[in-house]
Structures are given as C-alpha cells and as structure tokens.
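Peer 1: One-letter residues, chain by chain:
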Amino acid sequence: MLHYSNFRYNEPMKDTTFTTSDVRKIAGLANIPVTDEEAQDLAEGFTKTLKVVDTLSEVDVTGVTPTNQVTGLENVFREDEIDKTRIFTQEEALKNGKRVHKGFFVVDQVLEQ
Amino acid sequence: MKLNELTVKDAIAKLKKKEFSHAELYKDLHDAIAEKNSLYNIYLSLDAEAVSKADALLDTPLAGIPIAVKDNFLTTVLPTTASSFVLKGFRPPFDSTATKKLQKAGSVVIGKTNMDAWAHGSSTETSDFGPTKNPRNPDYLPGGSSGGSAAAIAANLTIGAIGSETAGSIRQPASWCGVVGLKPTYGRVSRYGVIAMASSTDSPGPIGKTVEDCAIMLTHMAGHDRYDGTTLPRPVPDYTKVLTKGVKGMKMGICYMDHPNIKGTDLDTAILKAAKVFEEMGAHVDMIPMSRDGKKGTILAPDYAIGVYTVVQRSEVSSNLARYDGVRYGADRSVFAHEAKNRIMLGTFTLSKGYADKYYVRAQQVRSLYRKNFEDLFSTYDVLLSSPTPGYALPSGASSGDPLFGELQDMLVEPSSLVGNTGISVPCWRNPETNLFLGLNIMEDQWQEEKILQAAAAYEQATDWNEWAK
Numbered sequence: 001m002l003h004y005s006n007f008r009y010n011e012p013m014k015d016t017t018f019t020t021s022d023v024r025k026i027a028g029l030a031n032i033p034v035t036d037e038e039a040q041d042l043a044e045g046f047t048k049t050l051k052v053v054d055t056l057s058e059v060d061v062t063g064v065t066p067t068n069q070v071t072g073l074e075n076v077f078r079e080d081e082i083d084k085t086r087i088f089t090q091e092e093a094l095k096n097g098k099r100v101h102k103g104f105f106v107v108d109q110v111l112e113q
Numbered sequence: 114m115k116l117n118e119l120t121v122k123d124a125i126a127k128l129k130k131k132e133f134s135h136a137e138l139y140k141d142l143h144d145a146i147a148e149k150n151s152l153y154n155i156y157l158s159l160d161a162e163a164v165s166k167a168d169a170l171l172d173t174p175l176a177g178i179p180i181a182v183k184d185n186f187l188t189t190v191l192p193t194t195a196s197s198f199v200l201k202g203f204r205p206p207f208d209s210t211a212t213k214k215l216q217k218a219g220s221v222v223i224g225k226t227n228m229d230a231w232a233h234g235s236s237t238e239t240s241d242f243g244p245t246k247n248p249r250n251p252d253y254l255p256g257g258s259s260g261g262s263a264a265a266i267a268a269n270l271t272i273g274a275i276g277s278e279t280a281g282s283i284r285q286p287a288s289w290c291g292v293v294g295l296k297p298t299y300g301r302v303s304r305y306g307v308i309a310m311a312s313s314t315d316s317p318g319p320i321g322k323t324v325e326d327c328a329i330m331l332t333h334m335a336g337h338d339r340y341d342g343t344t345l346p347r348p349v350p351d352y353t354k355v356l357t358k359g360v361k362g363m364k365m366g367i368c369y370m371d372h373p374n375i376k377g378t379d380l381d382t383a384i385l386k387a388a389k390v391f392e393e394m395g396a397h398v399d400m401i402p403m404s405r406d407g408k409k410g411t412i413l414a415p416d417y418a419i420g421v422y423t424v425v426q427r428s429e430v431s432s433n434l435a436r437y438d439g440v441r442y443g444a445d446r447s448v449f450a451h452e453a454k455n456r457i458m459l460g461t462f463t464l465s466k467g468y469a470d471k472y473y474v475r476a477q478q479v480r481s482l483y484r485k486n487f488e489d490l491f492s493t494y495d496v497l498l499s500s501p502t503p504g505y506a507l508p509s510g511a512s513s514g515d516p517l518f519g520e521l522q523d524m525l526v527e528p529s530s531l532v533g534n535t536g537i538s539v540p541c542w543r544n545p546e547t548n549l550f551l552g553l554n555i556m557e558d559q560w561q562e563e564k565i566l567q568a569a570a571a572y573e574q575a576t577d578w579n580e581w582a583k
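Protein chains in written order, with the working numbering: chain A, 1 to 113; chain B, 114 to 583.
Bear in mind the hints are in silico, worked out from the structure with no lab data behind them.
Heads up, none of these hints are tricks.
For lysine-lysine, the following DSS-like pairs were computed, each having C-alpha atoms within a straight-line distance of at most 25 Å:
no., chain 1, residue 1, chain 2, residue 2
1, A, LYS95, B, LYS213
2, A, LYS48, B, LYS471
3, B, LYS131, B, LYS217
4, A, LYS51, B, LYS466
5, B, LYS389, B, LYS583
6, B, LYS213, A, LYS84
7, B, LYS115, B, LYS166
8, B, LYS466, A, LYS25
9, A, LYS95, B, LYS201
Covered by chain B, according to a simulated footprint, are these stretches of chain A (three or more residues, beta-carbon under 8 Å):
no., stretch
10, 44-58
11, 74-88
Note that the Cβ used here is the ideal one computed from N, Cα and C, for glycine as well.
Using the sequences provided together with the hints, build the complete structure.
Peer 2: In structure tokens form, the structure reads like this:
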C-alpha cells in the first residue's frame, strides 16, 4: 500500500481547508445536490486533495508559459457545409429523453413568473 | 485449446484458412462468457447476434473477430452507460469513430465492458454496476478505469479489446491483469463518440493478449477524423511491420527507480531484469536519476504530476460533465455517485473566480516543465522504461475512502500522459504465490508508436511472461 508519508513534500505555503458551507456553495455552482453527510465527506476529501495540489507552489514557474494543449495544432477549420450523416431525425433526437411532450423536450422552469 | 483463447493474429489467420468457422469461435467465446462473466462482472451488455454479423466479414482485414469495447465508446448496437446509472439504458444515436473504424475493418463488437464510472478511477470499483474482479486472482482489483476490457483479455472472454486512457487507464489495468495495453499519442486515435472525461489527455487505445495484437488493432483504430479537431492528418502505418526489427543499438533510460514507492520492491527487481534483457539484445540502457527540478540528464519527479493531473483532470471533468442535465438523455444530476460528484465539484472550485490562476494556470505551467523535461530526455534516448503503476494489483476494496487513490496508482504515467506521449505496458513479472503480474511501461515521444511496439515485441519474444506469445 502507498502512504502519503512516502512523499517528501516541503510544507505547502498555506493549507486550503474546506468547510461544509464551502462545499454547499460549490455544489450550487455545479448544480449537484449533496446531503449533509456528503458535504462533510467532500469537505474532508477536498482538503486532503488540495494539500497535495498545494505542493505545486514549491515549483519555480517564473516565466513559464502554461501548456493548454499538446498537439501544436492551431485554428482547425472545417468546411461550412451541412453534414447530412450527422443530422438526427426528431425521433432519434428525442428517443433518449425521459420527459418529452408533443415532440419537444420538457425542461424545468428557469425564469421567475 | 478453446478458440476463445486465441490471439487476434491467430484467430484471423485460422478463420481465413477455414480451420474453423465463426460459429465455432463465437460458441467457445459465449460458453466461456456464460461460465465466467458472473464471477468477474466484466460485461455490462452483450450482443447475442454478434456471430450472425461475423460471417460476412471473412474477407476483411479483421475477418470478423470479436472485440470487447469499454462502455464509454458510443455504440448504436448496444447501450452505452460509462458505468453510471445516469446513463442507464442510454442508446446512442451514433457510433464512436474508433469503434466504427474497427467495425469497418471487420471486427464485431461482442459486448461492452465495465469501467470506473465516467472513467473516474483506477480500480473499476467506482462502477455503479458493481466492481470487476481480477481474473488472475479474484480477491484483487483489475485496475482501471478500463478494468473490464483488461479483465476480458486476461480471462479469454474476448479476442481483442479497446479502452481509453487519460493517465494510466489502459496501462495500469493491463499491468494488473497481466495483459498488453497501449496508450497512443494524444490525437492519434479519434475521441469522437467517446464519452469525454479530460479532453486534453483522453486517448483511446487497444488492450490485447500480445504486442502484435495491439499493433493490429491500433492500425485499424488510428487516423485523422474530421469530427475530432485534435486528431492530426498524419498517415497511419501498418504498425505490425516493425515488430521484428529488434532493439540493437537502441538507447534506453530507466526512470523513477529511486522513487521511495518503488525502491526495494519486486518492481525494482523486475524492471532491472527487463533492462538486462534489453542489454543482452544489444540495447544500451542507462539509469536516469530523478530530480525535483528536471535539470538536464534527470527525470522530473512524478510527484508534482499528481497535483497537475488532479487540477487539469478535475477542471476538464467539471466542464465535460456539465452537459448531463437529464433533459436530452440520461438521468438528472442527483444520480451522480460519490466519485463523480467529488471530481465535478473540485473542478468547479479550481476553475472558479479567484482560484483559476492559483490552481489551473499554475498546474498548466508545471505541465510545461514536464514537457521540457521529456523533450530533453528524448533528444538522448529512444525509449524510457518504467512501470505504469507502483506495484501489484491491490486487494478488492482498496480504492474506497481515499480521494487520491487513482492518482497514486497512476503517478508514474501522469507526467508522460500530461504531455501527450505514447507508451505500452507488457507483462514483466509474476508473483507465483498470488498469480499477480507487474507491467513494464515502455514510453516514447509523441508519434513514436512504432518505436515502443518494436521494443515491446522484442521483449515479449525474449521472455516467458506472456503465455499467449509463446
């Protein structure tokens, strides 16, 4: 088994700790319902995970350009034409919907009345 | 010998010579699945009609052989769930490019294999459909996330298989199950129709009984795809052509051996023995020291890659899984299990205002340091040797309760995966008491699949660890 104690990390600059209210805020942003028990568990997990991530602060990255992609490709274009092999019929598009009504998807109300 | 025990290469050759029929091959296979699938929980769905499709394919390159497909590749013939209840029963309206190409080359998708839900994990224990067991020893994990495909190969419940890897998800289960797994260069195999996990590193690839089987499958999976803007328009060679070239004169470097998680373990012994095998075949092998700064002639410690990978992967997961709203398909977001919630939410945090610079941008900067480090090393070495994972398969249940379980299992491949490099894992050790295997990971720069296949094939032929290659 692996143990965190095997890692020779220096002390992180500053520990990031999460409370259950931090978790509830993130849950709201991510639109994920969480129970009280889950919020507690996630808070502990996030704190533990960020402790490892915080070790990145000991790396000198002065002047280093971030790597956002590794292919080196730039501006990949395609012809502006309709690809008929990729068009769904209305039936195909709706067939996996759990709530459909008269050929439409049903969505929850998002605007206040 | 039952026909389901055949390799891709032998099955194709024997079918073409009419030594047996598709009906006989598929019967042995379905008998084996009926006997063992309930023990190991490998297949989530099976195509009972597969054999009827195979007959017409005799004259194709793959001659109608069956392949097992990880359940994150969209298939119109079978449901696709990514092992999550969110997509339970989902029937994709189109096929992934990778499976379509393999089908066009003459293979038949026999079934969809279990995986960590959404490919989040390295154990196959996070599947909502229950864990898969390691056929080499069912008290142990098969690894993951492509654990079902690796287990299908190990148990001879298929002829060929495919999986996908972000960092370790092909090579770690291949290593733990004692089979061969190849992670192609990012952009070599199309991601179109593969349920997105971490878009900047997801790489679909083959899992097989032998190096040659992986070479055959890769030849028919790879290539530019106009539906995936990150695939490159480079020609696809016949990857089987290089397998007998040997390693004479090749320059190899051994990595990560001084890491505290490896030093003094069976892995230490296994990798050094593998190096000796290469030296006897005429390769030149150096030990590359590990460093905390990646200065020239050293390999940058993999430990920082855990942080980089965690931030990059969680961030991309958060974006990719935002689409599961339960409107067009699937269930609503309350159905996500613990691990998906954990990753989505942590990624939401690392991308949120005020934290993106601190975590996401910094992680991408450290990613650049790994890139520079590999560029330096590959200016000296043809291939790098290591292992995909720090040891043997762990016992069932080992993944629970540790939010970084996967990252610790995958730390040795995270640096190279984050920079898009290719690698292959081949069996290089077996513990006679537990029947568990270790894997040798042969890594190369982007687009050098031929070089790793060449080295892996030479190793496989020179050693006795792979029973199918004998």
